[in-house]
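Q: Protein chains in written order, with the working numbering: chain A, -11 to 367; chain B, -11 to 367; chain C, -11 to 367.
Incorrect hints may appear among the rest.
To be verified - Quick list of simulated restraints, FRET-style, between CB atoms:
1) Arg346(B) with Gly143(A): 55 to 65 Å
2) Gly143(B) with Gln19(A): 44 to 54 Å
3) Arg240(A) with Arg150(B): 53 to 63 Å
To be verified - Chain B regions said to be covered by chain A (calculated; three or more residues, Cβ under 8 Å):
4) 57 to 68
5) 233 to 246
6) 294 to 307
Stated by the list, open to error - Sample of chain B residues lacking proximity to chain C, with all beta carbon distances greater than 12 Å (derived):
7) Thr25
8) Phe44
9) Asp129
10) Gly132
11) Gly143
12) Arg328
It is worth saying that the hints were derived from the structure and are not from the lab.
C-beta: ideal position from N, C-alpha, C; glycine also.
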Amino acid sequence: MTTREEPPTAPFALVDQHCHGVARSPLTTRQFTAYLTESDSPAAPGTTFFDTQLGFALRRWCPPLLGLPAHCPPADYLARRAELGTAETLRLLLGATGITDFLVDTGLSDGLTTPEETAAAAGGRAHEIARLETLAERTADTAGTCRAFLRELPGAVREAARTAVGFKSVVAYRHGLDFDPARPAPEEVRRAADGWLATRKPGDRLHDPVLLRHLLWTAADTALPLQLHTGFGDPDLRLHRSDPLLLTDFVRAVAPTGCPLVLLHTYPYHRGAAYLAHAFPHVYTDVGLTLTHVGARAGAVLAETLELAPFGKLMFSTDAYGLPELYVTATRLYTHALTRLLDGWVREGAWTAGDARRVTEMISAGTAQRLYRLDPATG
Amino acid sequence: MTTREEPPTAPFALVDQHCHGVARSPLTTRQFTAYLTESDSPAAPGTTFFDTQLGFALRRWCPPLLGLPAHCPPADYLARRAELGTAETLRLLLGATGITDFLVDTGLSDGLTTPEETAAAAGGRAHEIARLETLAERTADTAGTCRAFLRELPGAVREAARTAVGFKSVVAYRHGLDFDPARPAPEEVRRAADGWLATRKPGDRLHDPVLLRHLLWTAADTALPLQLHTGFGDPDLRLHRSDPLLLTDFVRAVAPTGCPLVLLHTYPYHRGAAYLAHAFPHVYTDVGLTLTHVGARAGAVLAETLELAPFGKLMFSTDAYGLPELYVTATRLYTHALTRLLDGWVREGAWTAGDARRVTEMISAGTAQRLYRLDPATG
Amino acid sequence: MTTREEPPTAPFALVDQHCHGVARSPLTTRQFTAYLTESDSPAAPGTTFFDTQLGFALRRWCPPLLGLPAHCPPADYLARRAELGTAETLRLLLGATGITDFLVDTGLSDGLTTPEETAAAAGGRAHEIARLETLAERTADTAGTCRAFLRELPGAVREAARTAVGFKSVVAYRHGLDFDPARPAPEEVRRAADGWLATRKPGDRLHDPVLLRHLLWTAADTALPLQLHTGFGDPDLRLHRSDPLLLTDFVRAVAPTGCPLVLLHTYPYHRGAAYLAHAFPHVYTDVGLTLTHVGARAGAVLAETLELAPFGKLMFSTDAYGLPELYVTATRLYTHALTRLLDGWVREGAWTAGDARRVTEMISAGTAQRLYRLDPATG
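This is chain A alone, in the form it adopts within the complex (with noise of 0.2 Å):
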């Protein structure tokens, strides 16, 4: 019913190492360009979110995939997702994309698609990486006193990770990355579970900093790949203390627990995040989302992570939420720039072609599969 302009997958495996849930139901159009842009109001007098490399980007890559020429207007895509139907517009994104494996973040959940049925659209396997903070969040909603949460709280870390492949932290969100790095004293723990117990109402959010660091030291002592969102977001975040450099001196305290941490998506400061994965060997970086922002220039950005990022320790993802158009976009981004890039060097010398491959596996899939244990696809 469609055509294709694309090839469906992208010439090699990927894995996601992060990424969400889609919605289930219908959106209106401001529900769908609320997906496209990271603030939490409505766009400016006179704008659109459509209007920024994002909304370009997916509409040159998207349309075609429902039949439609690319770069078509907004409304006309709009009105042909909404006649193909959720599930469709599911499986017709989805399945074009190629990724192999979706590791997805749980911690967001509702009305979104669950990690299976997400993987299941693309024909991929679907993995967990379970938000620290929800977690805590959960334990605190059913532990009623500050005793059985403490007690409690080890035991809800320790059963994600039977079932997780790693761990997600935001405490860039809920505090910055200027935290203390130390480990905290269990007193100090008890002290700041008692305060933070004491007047909070089932499902209000962990912002206590004492806390939030026990929680990132309980979820590195399980060695787990440990993810923590670092550079821009929403409008929560107050971008210049979610530098990953602030991580410096937690990035050393933690090592000799073996814990591998992740910096998902960094920029603006990507190369401070390529940085500590080239100083540290249990470091490692990302720039999710960051593609998907920035359409056009994926490659330039691309290109200063790989400036001091050791090529085995860049990752692959989407950090696709709520749209399925996004695993789309942020795929094409990446394979395009990917290539294109690597295309470049090895034309002017600087690189083999086949190191190009080499790197481009490391990235899209091998790094991810070895850090986070999982069996390569089989084609």
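On the provided structure of chain A, position chains B and C as indicated by the hints.
A: Okay, now just chains B and C, sitting in the frame of chain A:
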């Protein structure tokens, strides 16, 4: 009498949303070159301010407008300029910019052309941007007492708002952008004014952080656009304290007033400024001054800004000051760089030609016309 | 015996304004690869330090100088190197760099070639850069008492100034660049020296912030150029505390001494460093170490530096350390990137070919010859 090797105007209308007057009198070589740098000292031994990206760009674009070959030696250019005289030079250079509207910061005016004179030389229209600190200093010069100063200041701001299309603050120079974001309490303002006026001599600059904040909040209450110097500038500045991200909490606090914030210059923090324009509907950004100084690199810096900035949130300006040459250089660099950048994206299929035209119009004129409520220029 | 696929020297003279000796003894593979990274740990599981921009650049430029094809496997290269022996490898590699003057930081010397040996291998001249912290530590090793230390230190600095062409400080490592900019009072220095020497064992490093400042000011008094490590380096460093902009107040304070400051490395803060070189006549900048590590991206980083840096304020260096390969890689990357960058600007009409030649000469040799008072090399 002169040959123009370029069409006299940009291929699209230009609203210069932040600029200054130019020198009325003939300039010595040393006075001329002092306008080519943000430094307040003579050039280092063995160097000249012409050996910079700005110097090379000026030599590229200006000599042909005065009948000389592009890239002619500085001495030839300065001799020709002296021969033509200040008024004719002004007319030849400004007339070639294609700027239809000049939003002139009147905070610096000694020995400079008025907004009307500047605009007239280009056949354009003049608008005023009132500089807050200058306004406060003039009020202090005449008010005499603390009580009179505090009583007269809001009126002076409101009076300025009747004729100006926006305000500007140089709090980045006077304190840094890491100021307390909250509106200061009246008692706090009174104490600060007391302290300042007790020792102040006429002409003394305002550096008191409480009064600087009081000014910002007083301006915000008018809901006129408020321009803020951010990023690089002269050596008075501590550049790392001019990072626009330091304004994040002020951006949030001021939102309910309805006052749009315009981040000027922003380099090398232009990606962070673009993030604020992305995350907050009332934030706009600009790369005036920056494109002029980075010369052949204008396209690269513009491209970085267009990563996260929504296309309807970036505005053209020259920040030209002192020399009409800076108007020419800024407009040529901008026009050339933007055209080339967008043509590249169109050629590779990332953007359509129609979208490129729309975005060019937004950045060059449309957004400023809407934000500052200017009538569109009539052709 | 070897085929050279490249002309043996750069097409212009090169003064290497900051470098180190190379290993005198044969190296194991692990020792060799440790010099390819700023990390002090083994490579992460499944990765190798050859899979980096530096690794790929080395494989591009060095094998042909030892008679092997470009991009040959690392094992082949290391075998060939072992077969040739350390002295012959040194001669073949350094002889191909075209460096006429080596300004060698003698702060690290164990097992390394002397400045004279290093320069001799290339047919160049050796000059010394005296490392301040090493000088203070050696003085402390022999002085015995606090009184003797404080009495001998200024003499040791002045003595070094008789033979060295400049000083270097690693205060970025020992404390961070966010130090108090003021010259410490004598009493403050005495107390700090008392404290340090009371517990110090021979060989212990200097970390006391007062003594570090005292050293900087003592060196500034000689008016010799003072090189400062800024930006990235080994994991001892907190990168965000090595931002050269943190030096702004020190830059201002030290101006009256007439001491030029040279900001080394600077990445990823090279734009801020370029701003300081723009704003202050006594500040110079450098991208040694950086170009080496970013490999195929050398041109991009150089271009960013050449946005605000006046062309007479940027100097070439390799920061080569341990491996003669790093001299080759740094010079080839620099020569190649600069030529390509400037040729591009000439081709598009932004610069003239004559200006490009002049600027190349300034960055490559001229500015360093003037600043360090070197005789121009005689062809």
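Q: State for each hint whether it applies.
A: Hints versus structure:
no.: 1; hint: Arg346(B) with Gly143(A): 55 to 65 Å; result: holds, 57 Å
no.: 2; hint: Gly143(B) with Gln19(A): 44 to 54 Å; result: holds, 46 Å
no.: 3; hint: Arg240(A) with Arg150(B): 53 to 63 Å; result: holds, 58 Å
no.: 4; hint: 57 to 68; result: violated (count 0)
no.: 5; hint: 233 to 246; result: holds (count 5)
no.: 6; hint: 294 to 307; result: holds (count 7)
no.: 7; hint: Thr25; result: violated, 7 Å
no.: 8; hint: Phe44; result: violated, 6 Å
no.: 9; hint: Asp129; result: holds, 29 Å
no.: 10; hint: Gly132; result: holds, 35 Å
no.: 11; hint: Gly143; result: holds, 38 Å
no.: 12; hint: Arg328; result: violated, 9 Å
The structure shown violates the earlier hints numbered 4, 7, 8 and 12.
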